[in-house]
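Working from the sequences, and respecting the hints, build out all of it.
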Amino acid sequence: MQKQTLLACVAALALSPGPAMANGETIAVMTKNQTNPFFQAERVGAEKAAAQLNAKVLQYIPTQPDSIPEQMSQFDDIAVKKPDAVVMVPVDYKAMVPGVEKLNAAGIPVINATDRSAGGKLVSFVGANDYDTAKATGEALLKAIGGKGDVVIIEGVRGALTAQDRLRGFTDAIKEFPNVKLVASQPGNYQRLQANQVMENLLQANPHVAGVMAANDAMAAGVLDALTDGSSKALVVGINGTKEAIDAIKAGTLLATGDYNGFLQGCIATTIAIRYLRHEPIIDSIVMHPVVIDKTNYQPYDMPVDKRSCPTWDEIAK
Amino acid sequence: MSATTLPAPPRLALSSELMRISFRLLAVALLCVALSVASDAFANQANIMNVLRQSALLFFMASGLTLVVLTAGLDLSVGANIGLSACVAGTLMKSTGEPAYAVAAALGIGAAVGWLNGVLVAVLRIPSFIATYGMLWILHGLTYAYMAGSTVYGFPRGFRQFGNGFFLGVPIPVLVMLASLIALALFAGRTVWGQQIYAIGANPVAARLSGMPVRRRLMLVYTLSGLTAGLAALVFLARLNSAEADIGGSLTLPAIAAVLIGGTSLFGGVGTMFGTFVGTLLLTLVLNGMNLLQIDSRWQPLVTGVIIVAAVWIDIRTSGRKT
Amino acid sequence: MLDRTLPSQPALLARIPGVVVMLAVLNIGFAWASPGFLSLANLSNVLAQSSVLLILALPMTLVIMTEGLDLSIGAVLSLASVSLALVAVATGSLVLALIVGVAVGAACGAVNGWLVAWLRIPPFVATLGMFGVAQGLALAVSDGQSITGIPASVQAMYSGAMLGIPVPILLMLAAALAMHVLLYTTPFGTYVFALGGNREALAFAGISQRRILLCVYTLAGAMGGLAGLLLTARLNSGHPSAGIGMEFDAIAAVAVGGTSFERGNGWLPGTVLGVITIGVLRNGLNLIAIPSSLQVCCIGVLVILAFVFEAFSGVRRGEPR
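In the order they appear, the protein sequences are chains A, B and C.
Those letters in the first sequence? Residues 1 to 318, by this note's numbering.
Those letters in the second sequence? Residues 1 to 323, by this note's numbering.
Those letters in the third sequence? Residues 1 to 321, by this note's numbering.
In case anyone wonders, no lab produced these hints; they're calculated from the structure.
Beta carbons are placed, not taken as given, at the ideal position from N, Cα and C, and that holds for glycine.
Errors might be hidden in some of the hints.
What the hints assert, rightly or not - Only part of the chain B face toward chain A is listed, based on derived beta-carbon distances under 10 Å:
1) F42
2) A148
3) G189
What follows is the structure, given as structure tokens:
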């Protein structure tokens, strides 16, 4: 019951429970790496959805984090193993297209999650809009600093779709506030340590930074660490809505984080996969509305991922 | 080098060592001057302290590695070792609230992993490249399984002081770095064990023939490398107030680079701890400079690569060392 | 000490190499554990997936035989990949793309060779430096992005088939054969062996060590370029970092295959088997769908075990312990 604020209703689709067709379907879930909590949340979401609907999930994660050739090999291997459907997060949204096409050729339905694939036949896409989320989060920061001052952006991995969209969102938010100056924009590669060191170094050149926009929560945490040492009063925002960020918001150190809910994406994508196999109605594209989590609305997010449960189809709609 | 005589103990080579270190110090000094000119933000106390603190992390990894390289070996698993040690120590500290457990865990696991590497290399005679590469994968697998994609964060204040605190105006990690630099330099340069390590690297056959317990020394060296990795893990934990499965991985190659830039030879028997310290400084200064000058960090690998080659080349020219 | 510049091939077969045992065990194990393993489609996949790595591991064997290492080959592959992708997108020509890829690779390799042979920089250091340079250039050329729009002619290099056999497998076979002939029948091959075990012989014979080294590294770079073409075809895009990490896989494959680091004795068939072993392991682990973290451990264990097998199987390839 937590996510009503995110999604509006589509009445017609919501009211057909349908007979439960073949149970025990196998869904292969492909994610990018084992280390990022975001993908772990997605995997847990997928498992929960499958458990609630009597299906099985097989997890495919590259042994080398974010390895493109490995994920490509996994596409090959999945095409041989022939699960009933595939939920996939491409390591590179352009480079994995041949893999998707291979699955298409093998007749396996593919649901795309998180990073929108640049090609291939997809049953559905489930994700958040990085641009909108970043813009909303950026605007929250800029409003909080009073619409003026120096601002720093810590970017994600250059070349990653999410990083590009978030950067655009941040910079467009800045454009709306003419008294705000962007003094630096450097990549932190979505890594805590790198963001920490980059922020430390940037603080030397720009000691009067008023606000920092970090493209993900791990980097925001790194930035916060860099700031606690000195006298800087800069406000910080991140994106992802991780537990750590929620705790920081509770503690008052982090201003806000953009919701980018891996658990939910995993849930919904897997639910769609199962419904598609059971010939139940689905939606071919679900883009979650941007939500900025801050001190006023963090309560629903303050629950560890494994304790949450997936929304039913009735609750899921655009 | 002749196969039948032990090389002269390192002290006699000190003058050429001094020369090489002087060159490197000169390079560091020049870099500092250049950066001061190029950016106003460089030459102030806070930034210098930052640079030193950032280099502390790298130095802890590179210091034990130096000992390994002195024996003509390599330890590719340091980064993964840090990951495992930090994650276990971090979760232990989080659940018990006692930093003491974390310290014991980090140092213990680090040393244990190092000891295992030593067994593979010294007892099973697997080339260090392969043994530590295989160990790297095994450690990663264990860490991924243990952490299951989560992050552990939020450590006790007192412990965090280890990473963020100051003492007499100097960041604590820097003081620890200097202390370990002195300790390890004395160990390598002034103790019998240290001299034996140099000898093993310079001429393993002669070392073995001379009755030296080569196997035990090698195991010691790898265990020390693991121990310093454990120390680095503690600094990571204190600095970042968190641990994730993949920390330390991105610093493995820079740590090796620091050792090489510092003048330690891959063939063993040549190099000093102080050289590694200077190499670490150089690399950290480059990163700091790039951030201050807003140079895209994608150029960092290229710059690092060029520096490595240049440093070693200068070494070879000035010391007349043959490959 | 055995004093030989050519391997005596009957002696190599005297003991079953560790890698063969390993490969057999893995095949049997996976075939039993997973029904899909022995299907033609799957085996064909394994071979095709191993093709890029094999093209890297073959010249790596030669480099290791000269007591060197090439840490840059993954980055060189990536640089070649983005360069040839740009050319392919602009001109639509497979031939031009191939030429550019191989040329870029060979150029990087030549620089490596120059650093090692003329400036006498240790191969680890020289190639580590080139790794950084190639990686930096690849990121700059591509702006960190994949380059798409690859023409169908290039794509066919991976997805096409001739006489029913997928093109990458044919390329693998061709490359392995060519290397085998080069190493075991030509004078050049003899010189490479000599560089590993018997450099004095080269000096006496008046052959320039430097030129041979330069050729070895340039060859490695050129094949890195070829591998870049294959990977670009596979991914249908040029990517600046898709090849990073493959250099370690290639080195591991060479070591698993039985080539010794120390005395430079190379066993090319061992490299081929080593690459296939790694491919079989990864494929099998995926098919039996064990947790990914366990897969990571298994790979490390395999690398170490392969060596332990070698050590305990007695004679190293042609050299007493």
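Tested hints:
1. F42: holds (7 Å)
2. A148: holds (7 Å)
3. G189: This hint is violated: G189(B) lies away from chain A, its Cβ roughly 31 Å from the closest one there, beyond 10 Å.
Consistency with the previously given hints fails for number 3 only.
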